[in-house]
Structure formats: C-alpha cells, structure tokens
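Enquirer: Each chain is listed here by its residues.
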Amino acid sequence: MINKTVKNAMEAVADIPGNCMLMMGGFGLSGIPENCIQALLAKNISGLTIVSNNAGVDDFGIGLLLKKRMVKKMISSYVGENAEFERQLLSGELEVDLIPQGTLAERVRAGGAGIPAFFTPAGVGTEVAEGKEIREFEGKLYLMERWLRADFSIVKAWKGDTSGNLIFKGTARNFNPMMAAAGKICIAEVEELVQPGELDPNQIHTPGIYVQRIFQGENYEKRIEQRTVTQ
Amino acid sequence: MINKTVKNAMEAVADIPGNCMLMMGGFGLSGIPENCIQALLAKNISGLTIVSNNAGVDDFGIGLLLKKRMVKKMISSYVGENAEFERQLLSGELEVDLIPQGTLAERVRAGGAGIPAFFTPAGVGTEVAEGKEIREFEGKLYLMERWLRADFSIVKAWKGDTSGNLIFKGTARNFNPMMAAAGKICIAEVEELVQPGELDPNQIHTPGIYVQRIFQGENYEKRIEQRTVTQ
Amino acid sequence: MLTKEQIAKRIAKEVKNGQYINLGIGIPTLVANYIPKDLDVVLQSENGLLGIGPFPTADKVDPDLINAGKQTITMVPGSALFNSAESFAMIRGGHVHLTILGAMEVSENGDIANWKIPGKMVKGMGGAMDLVASAKNIIVAMQHCSKDGQSKLLPECSLPITGIRCVKKIVSDLAVLEVSPEGGFILKERAPGVSVEEIQAKTGGKLIIEGEIPEMTFE
Amino acid sequence: MLTKEQIAKRIAKEVKNGQYINLGIGIPTLVANYIPKDLDVVLQSENGLLGIGPFPTADKVDPDLINAGKQTITMVPGSALFNSAESFAMIRGGHVHLTILGAMEVSENGDIANWKIPGKMVKGMGGAMDLVASAKNIIVAMQHCSKDGQSKLLPECSLPITGIRCVKKIVSDLAVLEVSPEGGFILKERAPGVSVEEIQAKTGGKLIIEGEIPEMTFE
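Chains as they are written, first to last, in this note's numbering: chain A, 1 to 231; chain B, 1001 to 1231; chain C, 2001 to 2219; chain D, 3001 to 3219.
No lab work stands behind these hints, which were simulated from the structure alone.
Among the hints, erroneous ones may be present.
Calculated pairs, DSS-like style, for lysine-lysine (alpha carbon to alpha carbon, straight line, at most 30 angstroms) [unchecked claim]:
hint: 1; chain 1: C; residue 1: K2116; chain 2: A; residue 2: K132
hint: 2; chain 1: A; residue 1: K159; chain 2: D; residue 2: K3037
hint: 3; chain 1: C; residue 1: K2116; chain 2: C; residue 2: K2060
hint: 4; chain 1: D; residue 1: K3136; chain 2: D; residue 2: K3206
hint: 5; chain 1: A; residue 1: K184; chain 2: D; residue 2: K3168
hint: 6; chain 1: B; residue 1: K1067; chain 2: B; residue 2: K1043
hint: 7; chain 1: C; residue 1: K2116; chain 2: B; residue 2: K1184
hint: 8; chain 1: A; residue 1: K159; chain 2: A; residue 2: K222
hint: 9; chain 1: D; residue 1: K3206; chain 2: B; residue 2: K1169
If you anchor each label on the Cβ, the simulated ranges turn out as follows [to be verified]:
hint: 10; chain 1: B; residue 1: K1140; chain 2: D; residue 2: E3005; range: 48 to 58 angstroms
hint: 11; chain 1: D; residue 1: N3033; chain 2: A; residue 2: N44; range: 47 to 57 angstroms
hint: 12; chain 1: A; residue 1: N3; chain 2: D; residue 2: K3136; range: 29 to 39 angstroms
hint: 13; chain 1: B; residue 1: K1222; chain 2: A; residue 2: E138; range: 17 to 27 angstroms
hint: 14; chain 1: D; residue 1: Q3150; chain 2: B; residue 2: D1058; range: 33 to 43 angstroms
hint: 15; chain 1: C; residue 1: N2033; chain 2: A; residue 2: Q195; range: 40 to 50 angstroms
hint: 16; chain 1: B; residue 1: K1222; chain 2: A; residue 2: K72; range: 34 to 44 angstroms
hint: 17; chain 1: D; residue 1: P3192; chain 2: A; residue 2: K72; range: 51 to 61 angstroms
hint: 18; chain 1: C; residue 1: T2057; chain 2: A; residue 2: N219; range: 49 to 59 angstroms
hint: 19; chain 1: D; residue 1: K3016; chain 2: B; residue 2: R1135; range: 10 to 20 angstroms
Listed below are several chain B residues computed to face chain C (Cβ distance under 7 angstroms; list not exhaustive) [stated by the list, open to error]:
hint: 20; residue: G1112
hint: 21; residue: P1116
hint: 22; residue: D1161
hint: 23; residue: S1163
hint: 24; residue: G1197
hint: 25; residue: N1202
hint: 26; residue: P1207
hint: 27; residue: I1209
Treat the numbers as computed from the prediction; the structure is a model and nothing was measured.
No residue lacks a Cβ here, since even glycine has one placed at the ideal position from N, Cα and C.
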C-alpha cells in the first residue's frame, strides 16, 4: 500500500500558498481540522478563498484565520457567528458567497466526481438563481449549478491508515468526505493513525485514493458551540 | 423506529404489477436479490422494464425472468452472457438500452438524490451521445444525462435492521445503495435481519429512509460466474 | 393567542406514523417534545443523522454528535449517520416526508421568506432553500404578526424569498391555515379565544373563510 | 512478435510508484503479474474495490468478492470497498492515474474502438466509455493486426468508437507507440526481431519514425 504519512500539520500544509482555493471540512466546530488550522496560522500567507459550510467562531476554527486576515473570501452556507467576521464583511475586507447547504455539498461532491454541472431545485425563484440557467424537467423548475474544486482540501477524520483510508465519527463526518475528493491535494488529519489492514475495508468512509497526505493530530479540543443537556 | 418488516419475498413483491419499471441491484451474479427473483417468477406478470447492470445467466438471476418472458426491456451496461437473452434480442422480443456503467450508476444515484440531469464526459463522440445535449465546460466536452427512477427497486444486503438500515458485504454492494434510493418502493432482502440498535449507526451503507420493505431471505446460492483460484 | 409551546403542540398533531421529519431551529425543534409516543417517526438532522434522540445528560455529551443547530444530541436505536451530500440527497430526492420550519413571511401562493433582511447582517440560508424546494409537505411555525403589528401572511413576500409555492400549512399563534393551490390562506382553526374577525384583521393576504371555523384542540 | 504475456510485461514497465490503476479484462489483467514488487500501487476494480489482491486459494473463494471480470479475487491489506457510483466518481474525477485496456482499433488521433462490431451481438460497453473519457493516462494493449492481417492502427476507426482522443500509448505485439498530440503513431520501440519496415507495413495510420528505434527490453 502507498504510504502517505507526513510528520505533522506543519509539514502537511508547508506548500499551501497564499491566494489559493482551500476546502475545509466540518459543520460548525464539529469535524474541523484543528491541527491544520493552527499550522496555517503559523504561516505567512493571505488571500485565501475558503470553502467551508461555516466560518468558525471568534477564537476557534476558521475564525482564527479570519482574525489574522488570511482570508479573502468565504464560500459557505451559514456564517457570521463571530463579530470579527461581521466587521470584515461590513467593511468590505471580506467577500462571502452564500450557497444553499445542499447545493454546496453537491457542488463539492460533483467536483470530486468529475461532474462539471448538475440541476437542483434549491434556490429557484430566489436571488440564488440570478444569472443561472433555469430549466424545466418533468414539470418542475431547476437551476444549473457548477462543480467546486480546490487546490487543497483539509479534512479531519476519526481513524485513518497510512494509505489514506478514513473513517469519521458521528456527525463530524458532514462535508469531510466530499471535500477529500474535491481537492487536488487532500490533507487528512486523524485522531488515530493505523497501519493498512487494521481498518475493515467494508467500513471505510473515504477511500485512500482521495487522500495525498495523512498524519495523526494531537490535542484535539473539540469545542462545543451549543452544549445542550437534559436532566 | 419504524418497522418495515414483511414476512417473506412473496409478500414483498405481491403488488408489483406487470409493465412497471424495476431496478435490481447486483453486478454479475454478486449481490443480486435471489429471493425476490424467485418470488417474481411465481407471479403472472410480464412487460417489465428492468434496470440492472447485467442480465444474469441462462439459469440464474435475471436470466430466469427472461426465460419466462417477463421482461420487455433491459437497461444495462453489459449483457448477453446467456443464450436466451441473445435469442430474444435478435428476434426483437426484447429491447435493450445499453448505458456506460458509470453513467448508469450516476443516473440511478441522481434519481434517488433529486437531480434530474447532470453532465458527464462518458460517451462524448460516440453513438451514446446521439440526440443528447453536448456542452463544453473548462475546455472539455460533456453530455447531459437524465436521472433514472423506478416504481420498485429490489436490493440485496448482508445485514439489515427492521427499520431498513442496510450493510452490504464486499463487492456485493455495487449498484444496490443507489437503487435503494431511486425506487418509489424499495424492497430489501438481507441475509441477517436484526433489531434497531444492533447495527453501528456509523457503519450503515444505506440509511433506512430509503427502504420501505425488508425481510430475511433464505437459501442463498450465491452462484459464482468465474471461479478463479490460485494454488 | 398560542404560546410557542402551544404552536409546537398543535403542529405535533400533523405528524403521522412512519414519517421521516426535518425540524428547523426554534419552535419546530420544540415539536419533538409533543409527538405522541405511540407514533414511530424518525427525525433527520441535515448535518448527517437520521434518528435524533433527546439531549444528552451531562456525562454523555459528545462533541462529535450535534444537530443542525449545533446543539449536542443523542441517537435513538436504529439511527444512521451519513455525510452532507447524502443528507441533502435524501431531502432533494423527496425521501423526507415532512419539513417544519419557521418563517418571517409567507405569501398567499405559498412563497416563504425566512433567510435575509436587507440592511441587516446576512448569515446565510443554511439548508432552508434545499428543504423548501424539495419537501413534499412543508408546515410553517410562525407568529401571525411582527412585533410592530404588521401581518406576516401577505399577498406577496416583501423580503427576499427562500422558496416559491412550497408552504402547505401554517400554524401561527392565532390560527391554523392552509395555502390554497389557487392562492389564499384557507382558515381551518382558530386559537382558543381568538375570533375570525381578529384573524381577518391581522392577515395581510387573502383569507378564505368557509363555513364555521372551529377552535383548535390539542389532544 | 510478443506473446500476450510479453505485452503485459512490457506494459508493466510503464507503472510508476504510488499509482492507482484500473486494469481491463484480458491482457491488461495479466499486467498485475509483472508489476515490480518494490512499487507500491493500488489496483481498482470498478465494481467497488481499491486493493485487488491475487486470486484466492480454493478455500478462500468468496462469492461476495469479485472483480469487474466476475472472477473471484482477494483484497490486500489497506483495501477499501465502495459502491458503483463512488467507483465511477473516482474514475470520472480523474483520481485513477492509469488505465490499461484492450482495443479492436485505435486511430492516429487517439480514438479507440473496443465495444461493438456491427452485425455481431453487442454485449455492451460496461465501464469502458467512462474509463476512456476520464483517465489521465490510457495505455492500450492489443494485437497490431487482426487475424486476417488488417492493421488495427488506423487513420480513423472503422468500428463504432468508445472514446475520442484518449489513447496515449499502445503496446502491441510488434511495437510500443505513442499517439502524437498532432496525430500519428510515434514509433518508440520495436519488438525483438521486428523491423521498422514490418511495423510500417502493418500500420494503417500515419507512422512517425524519428531517429534510431530501439528494441524493447523487459527489465
């Protein structure tokens, strides 16, 4: 099996340049690549376009990259849960492209799957449809959406093997598998890195073919946004 | 959890009428719904249009339905590994729509996923492209393909629970998950039927939402087409 | 006038056995508390789960298990986890039977606006546009009027819309209404103590009143 | 003239470390036997497996584990299983580095015909059209001439084609040839004992001969 192991997050992100297109897995703060975000923070780059469903909070996740002014544009479905984000957006320092969540997931999936365009009903009749081709199929209106691909995608998995096979946990899976496939270079950080053969082939969520670099992360904080408990 | 259990294959296929559109999982003879095929054989229906990657062999799988003249049309990527199929095709009794395998898989996936059309490069410049819209994206030509949906889909899984969650085994997974989602009514036969909670939610291949009926099959023959061994 | 809990309780009566249901953030989330125990239904979380259970006890909190509102949750036995593309494949493909969500405005032809107020910070539509474009049955939970007394049931939405001709039913603090395929809000039930006249006065769009309008019940 | 095994052996020299490879039925399947042991490569089976291993011993045969040719197989450690849509997502998305397949005809601009002979029973294209439309690097394993001596390397394909402008390299029983982006077969290597003149005589399409053409080696 092909060995894709790199030493750590710093080595994994070493060649990510400024002004590139980056995908980052996660929903809210769940399943985000914490180690790589820290490693990116240590780099002197800016002008990033980041595809991510959300944009983190002020002091965690993508919010940290925003605060350091490394981000030029966010492509997301729901953002603005942090004050710095709002300030940059209102001042014109930050661009935001808002996309319906299912369309975002499918555009990324299409990017990895070699499908340049597809039709979806989401957004028909709304401002999301402006400038897009509308077509009727079997009596219902759909709009054409294009694939999304990135120079690098960074994902976070629960377990992985050195050949890049990944297994996610719970709802931390979310956008990670599609993004793994849609990045020219996919970097995977995992909580537990094992040898080929230790993961059941029938339980792999992301086959290693999509992953170019993998390492075992450390010190996962896994911050919770809305701790909600019952008595 | 919603209980979708039916008694057996006969009950599962009882309301499948003639002249309907049917999807059947499997690749070659691997992962085919053996019990439901037998139950269909016992019914007095014909004129079926069957979406299946292959068409079985003379005395097993879909070949049995062909022999009993229950099939009007096959929608497949590779067929004709049985003599009766060839005879019916050449005599004009049977229609065949041949589709590139990846396009077939994606059209079925699109059917389940509510995507009426998408673009693929497969078949550009060939007779598969005849009559289809061709469009250029980023310098490459693609053709537009439409979704495939069916009145009933019949799939075979390894394990399932009574709420319809399915886990497949090995390469017997193949077309089964997409077909489960693309049938208005999906019938799943499984080798082992368990109670909700017995399957790990993180290992489900087909979530129960796609499955309307489920039962534990029996006497699986699992015939091998090309037994190939090493010393 | 109904409390939020009563709106949720009334909507819970719409739930049928065997349904897969997506509940939006806010009042819709409360509906889960009132679904009769004898009904087998499955709740979807669009970030990748079928089978949302109750909120966890403090010792069972798992950061890798949240709902679309980012709240920590649990799973019921028979749950299934999946990725976001699969989740919206379910929604777009019409496999989810019932979607319950909030709205800022609904028009008399069933358009809904619930994601953007011009001039205010826009946070995004999340999954709402996918849900309203695809669900077979959409019920809106909302206040009948805005805080300054303006009707939110209008001839046309004034705010940027989320989806067109999609809302089937509205449960507000004043009434239960169905959207007529020909346009207009068909008044079906009144909140206890609320008169038809009051509902008429507070409905901006066309209100269709046919026969006697009963008070709603919660059993 | 090369035997089938020698064609496979010569193609195996094209394999690079770290590649994901799809091998078609026939000669391409034999290539697996000659890939140097010090290279880490992964073989894809388009019915849903990355990591094809050797054929099983008789006691390890599993009907739920077959390749695209429906032969029983095994998995190597580190394999991954997936469904057919995911499998062709890999292929269509350009994640497979190398595709090796057979052909009935190849044209001098890289068109390939390998699925249909008019008048004969048509079995279908299987995954071939997806593979040739998407793979970055396509090598064809074929006989240079048909049984009745007609060249299968032509100015244009006479048979219904499988894909356009896709073949990068051909290894036949007579020669190794590259398809020129400007059209034409660039002769790179001769089979042991086969002359340039013989290859010229047996190539229907434009043959480009630049400098001395070496005999192929197999180490």
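Enquirer: Determine for every hint whether it applies to the structure shown.
Expert: Cross-check of the supplied hints:
no.: 1; hint: C/K2116 with A/K132; verdict: holds, 20 angstroms
no.: 2; hint: A/K159 with D/K3037; verdict: holds, 28 angstroms
no.: 3; hint: C/K2116 with C/K2060; verdict: violated, 36 angstroms
no.: 4; hint: D/K3136 with D/K3206; verdict: holds, 24 angstroms
no.: 5; hint: A/K184 with D/K3168; verdict: holds, 22 angstroms
no.: 6; hint: B/K1067 with B/K1043; verdict: holds, 14 angstroms
no.: 7; hint: C/K2116 with B/K1184; verdict: violated, 35 angstroms
no.: 8; hint: A/K159 with A/K222; verdict: holds, 15 angstroms
no.: 9; hint: D/K3206 with B/K1169; verdict: violated, 49 angstroms
no.: 10; hint: B/K1140 with D/E3005: 48 to 58 angstroms; verdict: violated, 36 angstroms
no.: 11; hint: D/N3033 with A/N44: 47 to 57 angstroms; verdict: holds, 50 angstroms
no.: 12; hint: A/N3 with D/K3136: 29 to 39 angstroms; verdict: violated, 22 angstroms
no.: 13; hint: B/K1222 with A/E138: 17 to 27 angstroms; verdict: violated, 38 angstroms
no.: 14; hint: D/Q3150 with B/D1058: 33 to 43 angstroms; verdict: holds, 34 angstroms
no.: 15; hint: C/N2033 with A/Q195: 40 to 50 angstroms; verdict: holds, 47 angstroms
no.: 16; hint: B/K1222 with A/K72: 34 to 44 angstroms; verdict: violated, 56 angstroms
no.: 17; hint: D/P3192 with A/K72: 51 to 61 angstroms; verdict: holds, 59 angstroms
no.: 18; hint: C/T2057 with A/N219: 49 to 59 angstroms; verdict: violated, 26 angstroms
no.: 19; hint: D/K3016 with B/R1135: 10 to 20 angstroms; verdict: violated, 34 angstroms
no.: 20; hint: G1112; verdict: holds, 5 angstroms
no.: 21; hint: P1116; verdict: violated, 10 angstroms
no.: 22; hint: D1161; verdict: holds, 6 angstroms
no.: 23; hint: S1163; verdict: holds, 4 angstroms
no.: 24; hint: G1197; verdict: holds, 3 angstroms
no.: 25; hint: N1202; verdict: holds, 5 angstroms
no.: 26; hint: P1207; verdict: holds, 4 angstroms
no.: 27; hint: I1209; verdict: holds, 5 angstroms
This entry does not satisfy hints 3, 7, 9, 10, 12, 13, 16, 18, 19, 21, going by the numbered hints stated previously.
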